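Enquirer: Okay, here's what each chain looks like letter by letter:
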Amino acid sequence: MRRVLALHLRSFSIDLAQRRRARAARRANARPTSCVLLTRTSAGRALVADRCNEAARRGVRVGLSLAEAQALIDPRVRAKSGDPWVEEVSDERDLRALHALGQWAMGRFSPVVALDPPNGLFLDVAGTERLFGDENELCRAILRAMHRFGIGARIAVADTVGAAWGVSRFGRTPRTILASGDEETALGPLPVESLRLAEATCDALRELGVETVHQLLRLDRDRVAARFGGDVALRLDQAVGRAFEPVTPLAYETPPQAERAFEGPVEDAEAIAVTAEELVRELAKDLERARRGVLEATLVLEPSDLPPRRLPITLARPSADAQHLWTMLRPKVETAHLGFGIERVRFVAVRTGRLRSRQARAWQSADDRDERTHTLDRRVGELVDVLVARLGPEGVLATRAEPSHLPELAYSWLRPDEPRPPLPSGPAAAPIAPRPSRLFTSPEPATFEALDDHGAPRRLRWRGIAYRVRSARGPERLARPWWDDSPAWPDGSPHTVRDYYRLETACGRSLWTFREPKHGRAFVHGEWT
Amino acid sequence: MPEPSTLLQQQLPSGAATQPEVFGRPSRAVRCGWETVDRAMGSEAGAPGLVRGGVHEWLGVQDSDPTWDPTWTPPLFLLAHVARCAVRDAVERGAPSSVVWIGRRVWPYPRALTGGVEVAEQNRLEPSEPDPSGDQPSGGELGLGLTLRESADAFTAEGGDLFSRSLFVDPPDAGLRLWAIDTALRCGGVTAVVADGSGLGMAATRRLQLAAASADTLVLTARPPFEAGEISAATTRWTVARAPNAGESDGPSWSATLLRAKGAQHLRRERVRRVG
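Protein chains in written order, with numbering that gives the first Met the number 0: chain A, 0 to 528; chain B, 0 to 275.
For reference, chain B alone in the conformation it holds in the complex:
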């Protein structure tokens, strides 16, 4: 059921940026509440947001000291936010709404799930010419980047949902991890799978992508940053970095940059138009 505002925008010729939902068909994407992402990603899929039947890879943050055991950190805060959005979306649709967290590395502190994991978009990173030093996060090759920070109204958010719908799975090795993700996707009662995606090769990601598409389930995988060069069949790949915000705002903030998106030629076109 389209919201009245969507109908209104549809009639207005100027609202071309927002894509209207297709009538009579349920939305095939999860709105994640970040306008830049929702608008840009949804335009090909027909609905705003991250495509539901797809694998979305998030490259985590490299820890500065490689001698410590977890040499990279998955962007748990963002993943929890997207998982919460998926739950909200599933509840609205009346679909099953469990979330499975696979791999101990991506298990968040459970009480963080009971509230306060809202992440809001702060500003859009404007695309620029690639920085040779690679220090400054920019819009990336596809021209889609944004900084995110903990939302100010995080604690008014209704939080019990995700906590009580979460299932935590701890497979001992990468093979069983892949099997567990696959099994969870085949189950049919799961709306989102958040998994540790380290060490999954091209064949594995392809398998997951196919399983996710047939199960119409959102798959979020966290991968170490040093696997950015690996090829993968994921629908989108994002890289996440800590964003030291010099401004007066406090609270943790991150910058997320889209590295790659299937069927997103329009993004590239747009970037060419903007950068010139």
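Chain A extracted, bound-state conformation:
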């Protein structure tokens, strides 16, 4: 017996666009924009092909021109959270995403997964529901996962592909489980579209007054076939289980790996290390031939008496350089506990990425070169990998300039392998005024005494010590932007304006201080050390 679970992704392309939007916003450290619009260019005009619920609520319909749609979105909303996220529909990109989702489901819910483009998956769940409790629990697990991904989904489980498909699209509840033999009663009240018929056939049936599957089932089979072709009868039979319907499952992609089995348990650490190195070289060669590079790999040592021991490595950028991979792996292999001996060694490339083509590098244009100065040099990339392997991803950072004049937000930390856009020109390119070489994590309270005409102090008390101010430069007035609702400065101060002064104390210290003019509170924020 087979049990087919049909997963219907209601608004797949929009959900994917939302995910891309959120990712872009995260990367830019900004808040996501308000609406998402997908467009399709027809006769030189961009027309709305799909839109998010927010845009639909504002009256954006499919088929409007992009300009009309953008005009419908309230200018006040746009001022606050930016222009809508607009991108071109790409069926191929969506199909790739569906394929990736299928591969993911195959590793988690069922070994037999078939794609149902453009927005569905079939899973054969006969037997696998026991791993989750029952079919209901399985469906809830899938829906939970989809919710986490931010992808809207509906599920139906039935004995046949046709019934599961129809109920998942047109059923009343987002999660329906049909018992065996219930297909006919469940499909009965649904519209004829639930049978996966051609659009023209559905229209023709509707013209005859046949609206539901129930009505269609009551008609004479042979005459329906004669009038509308064999397709209708076949789909009906497939839906209620009188005809078998094959699906083509996805092939499972095993990660590339290399393996050696010993004749008996080997306790000699050196022999293990030599074997592991050989495996690394072997796999690196294979990967290089396929122009792939390792991003994550695991060396699995299988002792005779213990569960397998995994030694993972993670790289900042794809590499098929055996020497580099081995440099990262060697310290782990050398300190691995071998127990009573290792029987089998396996090197698995868990995650791979495309290697940059060498040819492109040899014949680079001037543009490429400009772009490359802001990506990592290969040797520095390898240094990053080695450091990250030991210190963790938080231990190695690079910076990026941000277009903000607030001292704490004028830069952001990022992982060194992330591409850095070249420094933008304008306010982000260089600070307008000098900045100290050390900025305290949060401003430290101080007291200004004997203010002069410009509001700068002649005496300063900070960390319990009184300083005489020899000279002061300022004020440089910085205000947090009023147009977004960020409630406060990064350190939590609610006041909008700060007047920064650069003070030279009589003892030679050079401090970056500020005063909140509204409140009169003073702080020391940094120092030229």
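Worth flagging that the hints you see were computed from the coordinates, not collected in a lab.
Predicted model, so just to flag it, every value in this text is computed and none were measured.
Where a beta carbon is used, it is the ideal one built from N, C-alpha and C, also for glycine.
Any given hint might turn out to be false.
To be verified - Residues from chain A that face chain B, not an exhaustive set, calculated with beta carbons under 7 Å:
no.	residue
1	Val-379
2	Leu-390
3	Leu-413
4	Pro-415
5	Ser-436
6	Cys-506
With chain A's structure known, arrange chain B on it following the hints.
Expert: Same frame as chain A, now just chain B:
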């Protein structure tokens, strides 16, 4: 390629103070733009500036209040300046030009790296007899000291370089810090390593000195002032103090004094000649 001015000076017998670059050999030192340092340090190495394949220790400033957590401050402004000079030098040579900052204590405020970290020499501290109180910075035992202050044309300096070439590493303890410096030196794509050098013993500095020499990389370490008595294998040691400048100039200023330099007997000779 020697500059025309260098060629000219070479022909003039009076320009003995400036050392000409050796022909056909790339310069093995980083000019740091401070004439006193460039001239004095380069004379043995054959090129003006701080020797590239070497460890240069900078003893930081002791904070007056020892109860606060960072009881010493590394001279970040000077280190950033020297790192920028190293990047400029590497770019001119066409060599890899990344700078690695190791140890959270020596991470500068990143936006200070985008511009405005130029430091210019203000004046030379004349060598004098050692001051028993030790208050006044003087030329030091080797007779090489100078006061530095933020350059007036700091903001015209092209600054994006150092910022985008910097990599910040945060090792949790001194052992890993040493390992990270060593790894960065072996990588080959790094032109300068700026590191927190506190708590590194003689063996560690020796190891770093050897690694720096073989990698031909400039290593700048910041050490706390109370480690001035520790022995170390560094090529040069400098001590940095805040210099309260009484004059009309403003902007932060420091005094840097050379405590020790390998192969710098000529400095001592010169000092003897000057002080008498």
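Enquirer: Hint compliance check: list the failing hint numbers for this structure, sorted ascending.
Expert: 3
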